[in-house]
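Those sequence lines, one after another, are chains Y and G.
Residue numbering for the first sequence follows my numbering, beginning at 9 and increasing consecutively.
Residue numbering for the second sequence follows my numbering, beginning at 9 and increasing consecutively.
Treat the hints with care, since some could be wrong.
Identical copies look the same in the list; a pair holds intra-copy or inter-copy alike.
As the list claims (entries may be wrong) - List time: in silico BS3-like cross-link candidates among lysine-lysine, alpha-carbon distance up to 30 Å: (1) 24 with 169; (2) 13 with 109; (3) 166 with 57; (4) 133 with 57; (5) 24 with 13; (6) 31 with 109; (7) 133 with 13; (8) 174 with 109; (9) 169 with 13; (10) 24 with 174; (11) 133 with 169; (12) 169 with 109; (13) 59 with 169; (14) 174 with 60.
These are calculated hints, taken from the structure and not from any lab test.
All values derive from a computational prediction rather than experimental measurement.
There are 2 protein chains.
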Amino acid sequence: MLFAKPFAELVGELEKLPGIGPKSAQRLAYYLLQQSDGQVSALVTSIIKAKKDLRFCSSCQNISEADQCPICLDGARDQSLLCVVAESRDLYAIERAHEFKGRYHVLHGLLNPMEGVGPERLRVKELLSRLESGMVQEVILATNPTIEGDATAMYLAKLLKPLGVKVTRLAHGMPIGGELDYADSATLMSAIEYRREM
Amino acid sequence: MLFAKPFAELVGELEKLPGIGPKSAQRLAYYLLQQSDGQVSALVTSIIKAKKDLRFCSSCQNISEADQCPICLDGARDQSLLCVVAESRDLYAIERAHEFKGRYHVLHGLLNPMEGVGPERLRVKELLSRLESGMVQEVILATNPTIEGDATAMYLAKLLKPLGVKVTRLAHGMPIGGELDYADSATLMSAIEYRREM
Chain Y
9 MLFAKPFAEL VGELEKLPGI GPKSAQRLAY YLLQQSDGQV SALVTSIIKA KKDLRFCSSC
69 QNISEADQCP ICLDGARDQS LLCVVAESRD LYAIERAHEF KGRYHVLHGL LNPMEGVGPE
129 RLRVKELLSR LESGMVQEVI LATNPTIEGD ATAMYLAKLL KPLGVKVTRL AHGMPIGGEL
189 DYADSATLMS AIEYRREM
Chain G
9 MLFAKPFAEL VGELEKLPGI GPKSAQRLAY YLLQQSDGQV SALVTSIIKA KKDLRFCSSC
69 QNISEADQCP ICLDGARDQS LLCVVAESRD LYAIERAHEF KGRYHVLHGL LNPMEGVGPE
129 RLRVKELLSR LESGMVQEVI LATNPTIEGD ATAMYLAKLL KPLGVKVTRL AHGMPIGGEL
189 DYADSATLMS AIEYRREM
């Protein structure tokens, strides 16, 4: 290849990022070279700073600057209600709706035996130790309605129910504003199965 | 927003990259936080190193580690034939075919009056000064067959022809292995217009 070595190395590093293929990596590397030193150093600094200053909340495992995150420190949030999500971005998705007033627990992944992700790779131990205090009365399993999400929810339900805590799962059904015509069959079947009386 | 500040800043910097929207930026930031310090520092180092060690070849303007790139330094390459491309990645695309034995000139963009990109933003001055020596006999305008690519080629042709140099453009037509059925009309019309005698 005719790429200069530092360029090839940069492309190689960028290709490791999720969702970045060889073409995008080349495009990004090329873009970075065309930016001013100041712009590139802003990016580099933000990566270094985020990596240095951020940790995972000792309680809910969400991304946090301090030992405990603002949600866990917020006394107004219901401690009896715990919403379990796979990733921080799922937490932010729920927060954006401004409806849920309980607390969270971030698993940092979903069970995936095919890729060797067992319960020990998720923050399950931390979840169990949070339940020990007896404050939590209901755990909402808010993992994605995918094979891995369902398997993880099923696994956690089996684990948590014997502890005497109420375990619930997000409802499946038609998205608000969705059209029957465009819904996939699995969603439609779910919407029919869990139909509500009016 | 509930994002910790260093996280929000990192997302903001990543969003500036081409082709990276808010969702991808969050995903990338999240991914970086989950990587080891070593992996993140490999990425950061490669960015800094590329930015520090790479420059643009003083002759063809391609990405280079030295003042002149390996292609310009290669005495075996035909100095009378100059292929003008918009970006380095176009140069690499042509090099991958292992057929072209001339030299290149990278414009670093295409004319785009709507976005304020005039000839002074491209490496046109450098192209003109390369022609002064009289070594170059033919300039192949290998810009993309798009509105901007065609406009740039047209502009350069007008500029170069009075200098007594032969100016050519990449052929348009059916891609090798393509099916008429799937070709767009503009390509088909071009293939008919520039048909060759057999």
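Hints, verified against the model:
In this assembly of identical chains, residue 24 and residue 169 lie within 30 Å of each other by CA distance neither inside one copy nor across copies; the values are 40 Å within and 46 Å between. In this assembly of identical chains, residue 13 and residue 109 lie within 30 Å of each other by CA distance solely across copies; the values are 22 Å between and 52 Å within a copy. Taking the closest pair of Cα atoms, residue 166 and residue 57 never come within 30 Å of each other, the shortest separation being 40 Å inside a single copy and 51 Å across copies. Taking the closest pair of Cα atoms, residue 133 and residue 57 come within 30 Å of each other only inside a single copy of the chain (29 Å); across copies the shortest separation is 41 Å, beyond that limit.
In this assembly of identical chains, residue 24 and residue 13 lie within 30 Å of each other by CA distance both inside one copy and across copies; the values are 17 Å within and 25 Å between. When the C-alpha separation of residue 31 and residue 109 is checked against a cutoff of 30 Å, the pair qualifies only between copies, where the shortest distance is 24 Å, while the shortest distance within a copy is 43 Å. In this assembly of identical chains, the alpha carbons of residue 133 and residue 13 lie at most 30 Å apart only when taken from different copies (28 Å versus 45 Å within one copy). Taking the closest pair of Cα atoms, residue 174 and residue 109 come within 30 Å of each other only inside a single copy of the chain (17 Å); across copies the shortest separation is 73 Å, beyond that limit.
When the C-alpha separation of residue 169 and residue 13 is checked against a cutoff of 30 Å, the pair qualifies neither within a copy, at 56 Å, nor between copies, at 37 Å. For the homomeric pair residue 24 and residue 174, neither the shortest alpha-carbon distance inside one copy (41 Å) nor that between copies (44 Å) is at most 30 Å. Within a single copy, residue 133 and residue 169 get their C-alpha atoms as close as 15 Å, which meets the 30 Å cut-off; across copies the closest is 74 Å, which misses it. Taking the closest pair of Cα atoms, residue 169 and residue 109 come within 30 Å of each other only inside a single copy of the chain (22 Å); across copies the shortest separation is 72 Å, beyond that limit.
When the C-alpha separation of residue 59 and residue 169 is checked against a cutoff of 30 Å, the pair qualifies neither within a copy, at 37 Å, nor between copies, at 55 Å. In this assembly of identical chains, the alpha carbons of residue 174 and residue 60 never lie at most 30 Å apart, being 38 Å within a copy and 58 Å across copies at closest.
Of the hints listed earlier, those the structure fails to meet are numbers 1, 3, 9, 10, 13, 14, in rising order.
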